[in-house]
Each structure stands twice: as structure tokens, then as C-alpha cells.
Amino acid sequence: MDFQLDEDQRALRRGLRDVLEGRFGRDALRAAVDAPRLDRELWRALGDAGFFALCLPEDAGGVGLGLPEAVLAFEEAGRVLLPGPAVATFLAAGEVAGAAEGKTVVTAVAGPFVPCLEEADVVLGDAAGAVALRSVDPLTPLHRVPERAPGGDARDLPGGEAQGPRAVLLRAAEQLGSAARTGELAVQHARQREQFGGPVGRFQAVQHLCADMLVRAELARVAVYAAAVTGDPLEAVGARLLADDAAVRNARDCLQAHGGMGFTWESDVHLHLKRAWVRAGLGGGAAEAEEALAAAL
Amino acid sequence: MDLTYTEEEEDFRAGLRAWLAEVLPKLPGKPSPDDWPGRRAYDTAWQRTLYDAGYGEVHWDASPTRRLIFLEETEKAGAPYVGANFVGLLHAGPTIASEGTAEQRERWLPPMLRGDEVWCQGFSEPDAGSDLASLRTRAWRDGDDYVVSGSKIWTSHAEVADWCELLVRTTPVSADVPKHRGITWLALPMDAAGITVRPLRTLAGSAEFAEVFLDEVRVPVANRVGAENDGWRVTMVTLSFERGTAFVGEVVACRRLLGDLARAARANGRWDDPVLRRGLGRLSAEFAALWRLTQWNVSEAQRTGGVPGVGGSVFKLRYSHARQELYDTAAQVLGPGALDLDEPWTRERLSSLSYTIAAGTSQIQRNIVAERILGLPKGR
Chain A
1 MDFQLDEDQR
11 ALRRGLRDVL
21 EGRFGRDALR
31 AAVDAPRLDR
41 ELWRALGDAG
51 FFALCLPEDA
61 GGVGLGLPEA
71 VLAFEEAGRV
81 LLPGPAVATF
91 LAAGEVAGAA
101 EGKTVVTAVA
111 GPFVPCLEEA
121 DVVLGDAAGA
131 VALRSVDPLT
141 PLHRVPERAP
151 GGDARDLPGG
161 EAQGPRAVLL
171 RAAEQLGSAA
181 RTGELAVQHA
191 RQREQFGGPV
201 GRFQAVQHLC
211 ADMLVRAELA
221 RVAVYAAAVT
231 GDPLEAVGAR
241 LLADDAAVRN
251 ARDCLQAHGG
261 MGFTWESDVH
271 LHLKRAWVRA
281 GLGGGAAEAE
291 EALAAAL
Chain L
298 MDLTYTEEEE
308 DFRAGLRAWL
318 AEVLPKLPGK
328 PSPDDWPGRR
338 AYDTAWQRTL
348 YDAGYGEVHW
358 DASPTRRLIF
368 LEETEKAGAP
378 YVGANFVGLL
388 HAGPTIASEG
398 TAEQRERWLP
408 PMLRGDEVWC
418 QGFSEPDAGS
428 DLASLRTRAW
438 RDGDDYVVSG
448 SKIWTSHAEV
458 ADWCELLVRT
468 TPVSADVPKH
478 RGITWLALPM
488 DAAGITVRPL
498 RTLAGSAEFA
508 EVFLDEVRVP
518 VANRVGAEND
528 GWRVTMVTLS
538 FERGTAFVGE
548 VVACRRLLGD
558 LARAARANGR
568 WDDPVLRRGL
578 GRLSAEFAAL
588 WRLTQWNVSE
598 AQRTGGVPGV
608 GGSVFKLRYS
618 HARQELYDTA
628 AQVLGPGALD
638 LDEPWTRERL
648 SSLSYTIAAG
658 TSQIQRNIVA
668 ERILGLPKGR
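Each protein sequence line maps, in turn, to chains A and L. Residue numbers 1 to 297, in the numbering used here, belong to the letters of the first sequence in order. Residue numbers 298 to 677, in the numbering used here, belong to the letters of the second sequence in order.
Just so you know, these hints were derived from the structure itself, not from any lab. Remember, predicted model here, so these are calculated numbers, not experimental data. Where is the CB? At the ideal position from N, CA and C, for every residue including glycine. Take these hints with a grain of salt, some might be off.
With a straight-line cut-off of 20 Å between C-alpha atoms, the simulated SDA-like cross-links for lysine to any residue are [as the list claims (entries may be wrong)]:
no. : chain 1 : residue 1 : chain 2 : residue 2
1   : L       : 675       : A       : 29
2   : A       : 274       : A       : 29
3   : A       : 274       : A       : 35
4   : L       : 675       : A       : 195
5   : L       : 323       : L       : 338
6   : L       : 373       : L       : 549
7   : L       : 675       : A       : 199
8   : L       : 675       : A       : 197
9   : L       : 675       : A       : 122
10  : L       : 373       : L       : 428
11  : A       : 103       : A       : 122
12  : L       : 476       : L       : 446
13  : A       : 103       : A       : 47
14  : L       : 675       : A       : 194
15  : A       : 274       : A       : 117
16  : L       : 675       : A       : 191
17  : L       : 675       : A       : 47
18  : L       : 675       : A       : 204
19  : L       : 675       : L       : 661
20  : L       : 327       : L       : 504
21  : L       : 675       : A       : 203
22  : L       : 675       : A       : 205
23  : L       : 675       : A       : 200
24  : L       : 675       : A       : 40
25  : L       : 675       : A       : 117
So the derived label-pair ranges between C-beta atoms look like this [said to hold, decoys possible]:
no. : chain 1 : residue 1 : chain 2 : residue 2 : range
26  : A       : 5         : L       : 493       : 34 to 42 Å
27  : A       : 192       : L       : 629       : 19 to 27 Å
28  : A       : 66        : L       : 486       : 12 to 20 Å
With the hints as extra help, turn the sequences into a complete structure.
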């Protein structure tokens, strides 16, 4: 047993962080917020970097890596708040022409929503009758799909993979990346912001907020990584619950740690919170996940 | 990232399983929790059984993974806990092994491993809890002895222990001597004159630990481990030892308890309550992740040669909270039975109230995380 990142995985993470921060750093993020649209150049750049083809076999033009590496990639995507239907495109690589290269943008019905419906080239799942709503997340346009009559397992439908264990796990990895990032932002702010003659991070009330954020992110981390290693669908469901919780609550605590600045549009904190809400929503209700875990007890 | 065990580790597991299946049915019944001599005899007999089968030193195994497998398998098989041997095998023993002289190791370690001698711990004091380094039990030299006066608290197994790993102040705190510098580690023979043990009754009604009063107790200088005034460093070696594998058995136990709880709820109809079911589902995710965190921490310890990393405090914070939640959920399953002390869950629920306090309160753990891991300024 060696449940730690190996050298290759560390190198992969470093490489992906460089690509993502270089190509979608803070300036790019804020520019995207000011003018939301799907950045096809960014999409192709990610394709060129092998992002979408990470798990495709090498003889199919892919990188030939596994789910653990995919999870590391999506954790990094979550850190920088990469916009667009990256999970659906990633899972469509090899099946939908151009997805692996980032030339075709693929979205999929997820829970009661379809993200980025208008800008995507291919929509998987039954999006008939989908109605646009004004999305809480400025970077994730959302359509609501009408409630379908019960019957038919979603996994039997085309695009059912969008609700399958791999999609659940990759979204959880994005949540993990966001939770870790908001934890870092809170600590950074607590070190720099001075009140009463020193950094506010010297107050235990603030310290304990930050400590709890780390605990949430680290527990979600091992849950997500382990589910990727075992490939167990139920473990992915559990990881998703912990990762949703970590992303949403860490963003809330990060906002609190930032005080008044956290409530402003120019701070990035609200972008993390809103995206975390959206990702949790795409996974369907937490109730279903909790029921699935309870049923297995 | 690899969650599979090596062939050598799987062989160790298989051998242990086979051995447990053979010896556990022959064990005598467990003594009553209030029968201290009985508990000592039971626990030391189990240690002797382990020793005779070659598992006596398993807690000191250089491989954290083998320690994890041992704790996992013994818990799953329902084997006895380390019990009265805890302080010896997991605190005092590793300290003596690492910091003691050859004579000290020869004197104290073999009887500890055979289950012949039991140790207790004299660290905390009424006025030195989270701030352990402020301890005030005094020791001064008189010929070849230290003379010790003061009092200790929260000492488990004090009534039945042969030895106490004792922290004393040998140099008073002053402008030149910070509180960590004047502390010395002594092995106190519990039959020495001047020792009074007073059991402390917990809120659960049981006497789990004791106060120990020391009135000019003579301890030979030869019983000092490490240099005079170097006891704080010596102790930190001890305290860091158990991190990583400290809670392996408990996490395995919690996952089993969760299954028991689901069965009980299905049997008494509470399972029809979706709020309760969902709570159990979430706890299941929580404890599954805590098990993965244990494997993560053990793998880290394996790589770094046993140096505890970030994981210990993170684990302790989340685990202690989750375990209390488990018993609060058990109370919902029990319904009116939650107020009945004859329900084992009710007694366990009371005991669980100590988890966020013992071995470093959750608040101190958060301070440690904030200052040592996150690098925030020293708190106030």
C-alpha cells in the first residue's frame, strides 16, 4: 500500500497547474466574468495540452492514463474555476469526434440542468424542451430540463455517462480543487489583513475557521483520490457528498474570513461559492446520494 | 497512489487471521469494567499470548502498514484491545527504546512486552492540561534520588500499574529558563512510599482514571530517561509515535457500529424516517473517508520514516466529531431507549463526550493546524 501521489502524478499536477494558471489565470477569469462566452481558443489549448485525451488509450491518440490522473486534472480545473462543460467533453473524448482535441465542445444533461447548452456543439442526453434560466454562476449558463416520467435508467440513455460514477467523481474533483483554493485564499487574507495592530490571522476565531477549512478539504481529498483508485461507484457517491460539502462550506467560510471585501463582486470568493452550488446541483440532490449510501449499510 | 497491499503484507494478514481464528475462541470472558485487577489480568494475559506467538512487538513494527493491518484485523476479529498495556506499549516503551540507556531498555522493555509489568502516565496536572509544559510537580536531587512532590490527573490504570512515566519540574521557570526547559522524564515505581491514588469517576459513572498525589516520593536518579531538564524533548518523541496508526481500530469499529445501527433501525421501524436514513448515509461516507485518511497517513509515515505529517491533527478533529455524531444518531435510533443506561449505546454515547477533549482538545488541535500547518501567526 502506498496511498500517496507518485512522482509521475506530482509532475502531472505541476504541469497541469502551469498550463491552467498560465492559460486561465486571474486576469483571464475576471475578463471571462466581464464578457461571458465560451473561449474556444482556451478549449483548443487544453486539447493541445492533452487535457481531454488524458484517459484515451495511446493508440487512439490519447495519453493513456487512468481515473486517478483524471481526478488530479479536474482538481486543478476546479482551483482556477475553469468555465465550460469540461467534464462532459472529457468523457466524450474518443466517442464524439473532435472532443479529445478540444475542437468539439460537448455538454450533457446533468441532474435537472444542461450547462452551456447554447454554446456547445454536441448535447448528450434528452435536452428537449430545456428552458434557459438566469444562472447564479456568471460563468455557467444553465438550462432546466422538464421533469421526465419515471422509468428508464439514465445510464441506458445516450449521454447517460454524464450522470455515471465517472462524471460524479470528476465533478467532485473540481469541488475539491475549489475547496482547497478557497482555504488558501482565506489563509492569505488572514495573514495580510491587519486590524487592531496586526494580522487578523492571529485571532483564534479566524484561525479555527481556517483550520476547519483545511480539515474539510483534506478529508474530501482522500475520499476523491481513493474513489478514483478503486473505481467503486458507491465510494464515488460518498466522495461527492464530502466534496460538495467542502466546496460550499469552504467558500462560505472564505467569504466570512474576507469580511466586507468577501461580499463584493470584485472578490473571487463569490465565483467559487456560486460554482460550487452549480456543481452540487448538477449532481442531483444530496438526498439521493445519502439514500444510496444508507441502503448499502 | 496504490491501495493494494504487497504479497508480504498479505501474508502477514493471512497468518494473523488464521492465528486469531485459532486463539480467540479459547479466551476467557471479559471482566467487568469496574474490576480493575481483573482487567489488568485479562489485558496482560492477552499481551502474553501475543508475545508467545511473535506479535509482542507488533506496535513497534518499523512498518506502519503492518501496524495498520494488525489493528484492522484484531478489531475485525473482535480481539481484546491493548487496554492496560496502552501506556507501556504506545508511550513509555517507544520513549525508552529511543532515549533510554542499554540498561534501561534491558530492565523495562522485556517485562512490558511479556505483559509482566503495566505502565501508567503522569503527565497532566490539575493546572497543566492543554498547557502541559506549565506542569508544577517538583523534583529535587537528594544523593542518588530525586524527591518528588505534586499531583497528577487523568492517569488511567494508576490503581494497577507497576510503573508511571512521570514528568517533573527539575528547574523552576524563570526569566532564563522557559517552561519547556526545566522538565525531566522519570520512571516512577508505583509501590514507592508517598503515593496516593484516588480514582476519578467520569460522567459515565465509571472510574476510568485517577488522580495521583506524590508526597516526597523518592525516585532513583538511575530511573531518569534522557538528561535532566530534557524531558520535554524526550516526551515529544513519545507523543509523536502514535500518530498515524493511533485510531485504526476505532475507525474499523465505527464502520461496524454504523452497520449495527442500520440493522437496529431496520428492526425497530426508525428506518422509515428519511432524515435518520440520510444521516446514516452521510456518516457512512464520513467514516469511509476517515478510513482512507488513515491509509493516507500511514502511507505518508511509511515514506517519511514515521515522522507525523499534516494528517494527524486533521484526522483527530474530524474523527472525534464524527464519532460523537454517530452516538447522537444512535440516540435517534433508540428513541426512548436513549435515556436508558441499560442500553449499551447510551453508555457509549456518554463515554464519547471525551473524544473532543482527550489527547488534545479540538480547540488546541485547531490552533496546531492554524499555526504549524497553515502558518498563521501565534494565536491570542
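Going down the list of hints, with the structure as the test:
The suggested pairing of residue 675 of chain L with residue 29 of chain A is violated, with an alpha-carbon distance near 34 Å, which exceeds 20 Å. A threshold of 20 Å between alpha carbons decides the hint, and for residue 274 of chain A with residue 29 of chain A the separation of about 14 Å falls inside it, so the pair holds. As the CA atoms of residue 274 of chain A and residue 35 of chain A are separated by approximately 17 Å, the hinted pair is consistent with the 20 Å bound. At most 20 Å may separate the alpha-carbon atoms for a hinted pair to count; residue 675 of chain L and residue 195 of chain A meet this at roughly 15 Å.
Pair hint residue 323 of chain L plus residue 338 of chain L holds up; C-alpha atoms about 16 Å apart against a cutoff of 20 Å. In summary, the hint linking residue 373 of chain L to residue 549 of chain L is supported, as the alpha carbons are separated by about 7 Å, within the 20 Å threshold. Between residue 675 of chain L and residue 199 of chain A, the direct Cα distance comes to roughly 10 Å. Compliance with the 20 Å bound is thereby established for this hinted pair. Between the alpha carbons of residue 675 of chain L and residue 197 of chain A the distance comes to roughly 14 Å, so the proposed pair stays at or under 20 Å and holds.
Simply put, residue 675 of chain L and residue 122 of chain A have alpha-carbon atoms about 54 Å apart, too far for the 20 Å limit, and the pair is violated. Of the supplied pair hints, the one linking residue 373 of chain L and residue 428 of chain L is violated, its CA atoms being roughly 37 Å apart against a limit of 20 Å. With a C-alpha separation of about 11 Å, the suggested pairing of residue 103 of chain A with residue 122 of chain A holds against the 20 Å cut-off. With a C-alpha separation of about 18 Å, the suggested pairing of residue 476 of chain L with residue 446 of chain L holds against the 20 Å cut-off.
Among the hinted pairs, residue 103 of chain A with residue 47 of chain A is consistent with the structure: their alpha-carbon atoms are about 8 Å apart, no more than 20 Å. Distance hint between residue 675 of chain L and residue 194 of chain A is fulfilled; the C-alpha atoms sit about 14 Å from each other, no more than 20 Å. Using a Cα cut-off of 20 Å, the hinted pair residue 274 of chain A and residue 117 of chain A holds, with the two alpha carbons roughly 18 Å apart. Between residue 675 of chain L and residue 191 of chain A the CA atoms are separated by roughly 11 Å; this keeps the pair inside 20 Å, and the hint holds.
About 46 Å separates the Cα atoms of residue 675 of chain L and residue 47 of chain A, which puts this hinted pair outside 20 Å; it is violated. Between the alpha carbons of residue 675 of chain L and residue 204 of chain A the distance comes to roughly 9 Å, so the proposed pair stays at or under 20 Å and holds. In summary, the hint linking residue 675 of chain L to residue 661 of chain L is supported, as the alpha carbons are separated by about 12 Å, within the 20 Å threshold. Under the criterion of a C-alpha separation no larger than 20 Å, the hint pairing residue 327 of chain L with residue 504 of chain L is consistent with the structure, at around 17 Å.
For the given pair, residue 675 of chain L sits about 8 Å from residue 203 of chain A by alpha-carbon distance, which is consistent with the 20 Å threshold. In summary, the hint linking residue 675 of chain L to residue 205 of chain A is supported, as the alpha carbons are separated by about 12 Å, within the 20 Å threshold. Taking the CA atoms of residue 675 of chain L and residue 200 of chain A, the gap is near 11 Å; set against the 20 Å cutoff, the hint holds. With a C-alpha separation of about 47 Å, the suggested pairing of residue 675 of chain L with residue 40 of chain A is violated against the 20 Å cut-off.
A threshold of 20 Å between alpha carbons decides the hint, and for residue 675 of chain L with residue 117 of chain A the separation of about 50 Å lies outside it, so the pair is violated. Take residue 5 of chain A and residue 493 of chain L: their Cβ atoms lie about 54 Å apart, and the range 34 to 42 Å is violated. Take residue 192 of chain A and residue 629 of chain L: their Cβ atoms lie about 44 Å apart, and the range 19 to 27 Å is violated. The hint said 12 to 20 Å for the Cβ distance between residue 66 of chain A and residue 486 of chain L, and at roughly 58 Å that hint is violated.
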